[in-house]
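Given chain W, work out where chain S should sit, using these hints.
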Amino acid sequence: GAVVSQHPSWVICKSGTSVKIECRSLDFQATTMFWYRQFPKQSLMLMATSNEGSKATYEQGVEKDKFLINHASLTLSTLTVTSAHPEDSSFYICSAYPGLAEETQYFGPGTRLLVL
Amino acid sequence: LAKTTQPISMDSYEGQEVNITCSHNNIATNDYITWYQQFPSQGPRFIIQGYKTKVTNEVASLFIPADRKSSTLSLPRVSLSDTAVYYCLVGGGSNDYKLSFGAGTTVTVRA
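First to last, the protein sequences are chains W and S. Numbering follows the working numbering, with no gaps: position 112 of the first sequence is 112. Numbering follows the working numbering, with no gaps: position 32 of the second sequence is 32.
Chain W on its own, in the form it takes in the complex:
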């Protein structure tokens, strides 16, 4: 149980285009989903918190107009990198939280984005 998927697993795009990444909780409903970014040899950095049916909450320094998050259902959240540039190239990871205090976040496999 507690499986989270991401699609696509990797994507290469041209500078200036937009890229959408999907995060799904496959066997549970997630009241909250989180989006992280990880650069090579570095730790995960929380970008935003996504709650179903409401606007996402972004961490300080993360541009909300650059990284659009939509949490349309209890099993799906999407991250759209708008007008991507080479500096947006990174490993994007989502996690899903079932909503119980004793529970933990379950992470997706990650999406590698390369902007040329």
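It should be emphasised that the hints constitute simulated quantities derived from the structure, not laboratory data. Note that the Cβ used here is the ideal one computed from N, Cα and C, for glycine as well. Any given hint could turn out to be false.
Not close to chain S: a few residues of chain W, all C-beta gaps over 12 Å, as computed [as the list claims (entries may be wrong)]:
| id | residue |
| --- | --- |
| 1 | Ile-12 |
| 2 | Cys-13 |
| 3 | Lys-14 |
| 4 | Thr-31 |
| 5 | Asp-65 |
| 6 | Leu-68 |
| 7 | Leu-76 |
| 8 | Asp-88 |
| 9 | Ile-93 |
| 10 | Leu-116 |
Beyond 10 Å from chain S on every Cβ pair, some chain W residues (computed) [said to hold, decoys possible]:
| id | residue |
| --- | --- |
| 11 | Pro-8 |
| 12 | Phe-34 |
| 13 | Gln-60 |
| 14 | Pro-86 |
| 15 | Pro-109 |
Below 25 Å or equal to it, Euclidean Cα-Cα: the simulated SDA-like pairs (lysine to any residue) are [unchecked claim]:
| id | chain 1 | residue 1 | chain 2 | residue 2 |
| --- | --- | --- | --- | --- |
| 16 | W | Lys-55 | W | Asp-27 |
| 17 | S | Lys-98 | W | Tyr-58 |
| 18 | W | Lys-64 | W | Val-11 |
| 19 | S | Lys-52 | S | Asp-67 |
| 20 | W | Lys-20 | S | Asp-11 |
| 21 | W | Lys-41 | S | Asp-11 |
| 22 | S | Lys-52 | S | Val-85 |
| 23 | S | Lys-98 | W | Phe-91 |
Just chain S now, kept in the frame of chain W:
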């Protein structure tokens, strides 16, 4: 978010027990302690979670002293495939269930 401190790296050999201690002096009353494992180019994988005392599952044990200001992840009889980065995190209802990742501990298992 409670800050955690753990060793940057640890080396071990196959078959040995690896113990990683994490300090979290500012842990809140309703925070849980969770450990994750991450391989390169993969998302973190849940290992174990606890609130106090000792928790054991099929892959690891987690020891938490009474003051909860630290915790120790114990990996019994490691193999080469246990080479990974291990993250200690604290979180819970006090911070909207957010997790703040520190640098983690890179565990290298040698033959």
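Structure-based check of each hint:
1. Ile-12: Ile-12/W is indeed farther than 12 Å from all Cβ atoms of chain S, at 15 Å.
2. Cys-13: holds (18 Å)
3. Lys-14: The claim holds: Lys-14/W sits with its nearest Cβ about 23 Å from chain S, beyond 12 Å.
4. Thr-31: The assertion about Thr-31/W is violated, with a minimum of 9 Å to chain S.
5. Asp-65: It holds; Asp-65/W is separated from chain S by about 22 Å at its closest Cβ, greater than 12 Å.
6. Leu-68: holds (20 Å)
7. Leu-76: holds (17 Å)
8. Asp-88: Given a closest Cβ separation of 17 Å, the condition holds.
9. Ile-93: Nearest chain S Cβ is 5 Å from Ile-93/W, so the label is violated.
10. Leu-116: holds (19 Å)
11. Pro-8: Given that every Cβ of chain S is farther than 10 Å from that of Pro-8/W, nearest at about 14 Å, it holds.
12. Phe-34: violated (7 Å)
13. Gln-60: About 12 Å separates Gln-60/W from the closest Cβ of chain S, which puts it past 10 Å; holds.
14. Pro-86: Nearest chain S Cβ is 19 Å from Pro-86/W, so the label holds.
15. Pro-109: Contrary to the label, Pro-109/W does not stay out of reach of chain S, its closest Cβ about 5 Å off (not over 10 Å).
16. Lys-55/W - Asp-27/W: holds (24 Å)
17. Lys-98/S - Tyr-58/W: The given pair, whose Cα atoms are some 12 Å apart, holds under the 25 Å limit.
18. Lys-64/W - Val-11/W: Within the cut-off at roughly 21 Å; holds.
19. Lys-52/S - Asp-67/S: holds (9 Å)
20. Lys-20/W - Asp-11/S: violated (39 Å)
21. Lys-41/W - Asp-11/S: Roughly 18 Å between the alpha carbons, so the hint for Lys-41/W and Asp-11/S holds.
22. Lys-52/S - Val-85/S: Holds - the C-alpha atoms of Val-85/S and Lys-52/S are around 24 Å apart, at most 25 Å.
23. Lys-98/S - Phe-91/W: holds (19 Å)
Figure legend: structure checked against the earlier numbered hints; hints not met, in rising order: 4, 9, 12, 15 and 20.
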